[in-house]
Amino acid sequence: MSGHGKGIVVRDAWCVFEHVSGRKVEALREVTLEIPVGQFVCIVGRSGHGKSTFLRALGGLNPLTRGEVFVDGVPVAGPSAERGMVFQDETVFPWMRVRANVEFGLRAQGMSAAERARIALDWLRRVELSEFVEAWPRELSGGMRRRVALATVFAGGAPILLMDEPFGALDYVTRLSLHRLLLDLWRNTGRTIVFVTHDIEEALILADRILIIMAGRVVDDLPVALPRPRDEEVRARPEAVGMIKTIMHHLGLDALAAEGFERAPELAARR
Amino acid sequence: MAALIGRFGRYLRERWISLATLVLLLLAWEIAGHLSPTSMLRSSPIVPPWEFVFGPALLGMSDYWTFDVLAPVPSLGGAQTWLGATLAIAYHSAITLLRLLLGFAAGALGGILLGLAFSLSGVLRRLAATPLHILRMFPLLAMVPLFRFWFGANTTAAVAFVAYGVGVVYFAATINAVSNVPPRYIEYARTLGASRLRVYASVIMPAIVPELCSSVLLTLGLAWSAVIGAEYIGLESGMGRIIIYAQYFSNTGRMTLATLFVILYASVSFMLFKRLAARILIWMPETAFGGGRALASRDSP
Amino acid sequence: MQPSISRLRARTAEAAGNAATGPAIAPLSAGRPWRQRLDPMPVLGVMATIGLWYLASWLIGRYMPPPHEVFANAARNLVASDYFVGLGLPEGGYLPHLLYTSMTVVLGVAMGVGLGCLTGLLSARWRVFDQITDPIVATFGTVPILVAAPFFLIWFGLVASAQLILVAFYTTVIMHIYSLQAVRNLDPKYVEFARTLGASSGAIFLRVVLPGAVPEIFGGVRVAFAASWGLAAIAELLGSRYGVGYAILTFESVYDLASIMTIILLLGLIALAMDWLIGRARAWITRWAESAAA
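Protein chains in written order, with the working numbering: chain P, 37 to 307; chain S, 16 to 316; chain B, 416 to 709.
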């Protein structure tokens, strides 16, 4: 596998942390994969098994102990505007109004004020926050702040977007609306998205492809063949049920998988 | 042993710039000491070089020894001796430290007790809030003459002054800490049948200890300011008084020497109090009150 | 789509500022927002304190002048006083002394804030700078700043400069510590996020680190002010020919306890007013922050 070509290429990546006590933790082991341009990849796995480490390595925030990550043939050496990130904690600058937040990446690129404002307002319209352009982040709800974060990274123009459980702290309904929004934005811009989540249902709704990371290794790589557009009923479809079972098996949740498998149609009918 | 040396070596390597700065400052002082003008009217140069500080100035400390026992008393015509100097320093240091510790203890105890008493009633607590806030804004050091007026120029005045300064802070801190205890803990205890007193003893007191411990260093600094300030303004004994007395006669050598001792005592007291506070925090049963603060959280990467 | 209510979360800066001056007790009763405008508690509290004062005055007698005597003294001698002239103080009552001390404090703090923030931010940015300034800051962070007072008096004379330099020096140390801490306490996720948006180091410092550090830095300003009033007063007590300290010395020489209490009260009120002003300034500048728990 060469390092050239578009998209993301990861080659034999290892990430080893050393605790203060001297104990070594292998957060990532022998990860090798390719992500073509425009794909929506979800990474699923149990907490602490390396999902976030992998994402941060892609973003250039965690240096790899061994191996390389190439983006468009260029090795990743640090964070850059080419790889935008949305973090689990709210990544909105509280001391700037909403519009200033969205303009931040643009300003870093040296754009003129008028041009920045135009782009920012456009993206804010796309995330349905046009009425809150001059609001302070503290006046917004959690879901709205996520939209600001999405607008910010999309406006920044990064062709690759890395998201680390961005919707984790939100309630179910808000999460669903954000799923739709994200899929809209993805469809209209054709960017590559790598999305970490622990929520299997979320992965099935969003992803073209699901990677399962356990104990730092990629243990499975499942293409998601469900037709789009998808909704929350997706988990009742037979193809989805089979995938859920496989994923849960990998995650070590076989007992739950059995129960879930039997009850899934009922749950879907109840909603 | 080798490990200790290794650690010390690493400590030095990491901090060499700081240490170098310190050495440079000391050197600069020495140079300034030699360059600064002396005059017949002053007993020491404006900036005293170190050999002066640890030489004649140190010897001169025996001037402050006023008891006619163990060493001659210069003010009565006796000679200046090293023994006299040592005794004088020991005596005045002890006085200063005594005032500091007594005042701190009295203030902390009084403040905490008052705070707990006032917290018993919500009305009392809210009543006390504004006056306490106003009182804390009154400049402490400006009140030294007041205390001198009331108690005279003696140790009682100094102890009362320190106690007041420390007490006000602890009074306010306790009230705040009690009102910061999450109500659900108190409610929980009440639903388990605890009487008000038991709630105080087993829920509120442990809960406020961390918050009070965190203000220990602040109040210690305050207490030092108070003691030195009180001794500057007209007390007859103590290290502060030595410094000011020497300053009247522009005797910078003695000033520097006494100040160095004060710096030493203050630094040591801070280290000790920090350790003490840490010990108390570990020893207090840290249950659900955001416990284990001393332990770093071990998140996986 | 409705805007949600702003969430309440304790601000680190507020807590930090409070940890230094001691926690600020909200004068308004917590948990009863509908009473905020009409809350009688502060006034009642002050009245209760004055009542206690009367009680103490009645019990102690000569050594505790009653409130009305002190208030009358303040009113009578505030801006002009023959009594003062009789004592050898300049005419103009308490005012010139209060002004003198206040100017020293405000000027000294302003100088200290400028210098201290500069050194603090530089130390946060470059480790070398931090290591150089550390010995000085560490010493004077613990040791009372008063130990420097006699030296300043000798080196800078009995002129205003000694007090000014004392206040400025103290404020510099405090602001250095606070700005350093403020930068270090900033949640690293903000800087990370800014880097993934392609911002340069300089831009990150100016538009992410600095604004984020402002709340905590203001906490330091409050602390610096709080202690500076006392510092200036005691420096004046040690040998000035102007200002509150000098006035107190004069009153002491004629055993005028009431006037001493009056002038301390007046200085305290000025300190209070200043603290309130800083609080308002901070509230406005950090109006983006989630409000502190009341």
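For the record, the hints were derived by calculation from the structure and aren't laboratory data. Just so you know, not all the hints are guaranteed correct.
As the list claims (entries may be wrong) - Quick list of simulated restraints, FRET-style, between CB atoms:
id, chain 1, residue 1, chain 2, residue 2, range
1, S, Ile-20, B, Leu-684, 55 to 63 Å
2, S, Gly-249, B, Gly-556, 23 to 31 Å
3, P, Gly-226, B, Gly-529, 31 to 39 Å
4, P, Glu-151, S, Ala-35, 32 to 40 Å
5, P, Ala-171, S, Leu-19, 54 to 62 Å
6, P, Ser-148, B, Leu-510, 23 to 31 Å
Glycine residues also receive a C-beta, built at the ideal position from the N, C-alpha and C atoms.
task = Identify every previously stated hint that the structure contradicts and give their numbers, smallest first.
result = As far as the earlier hints go, 3, 4, 6 are violated by this structure, in ascending order.
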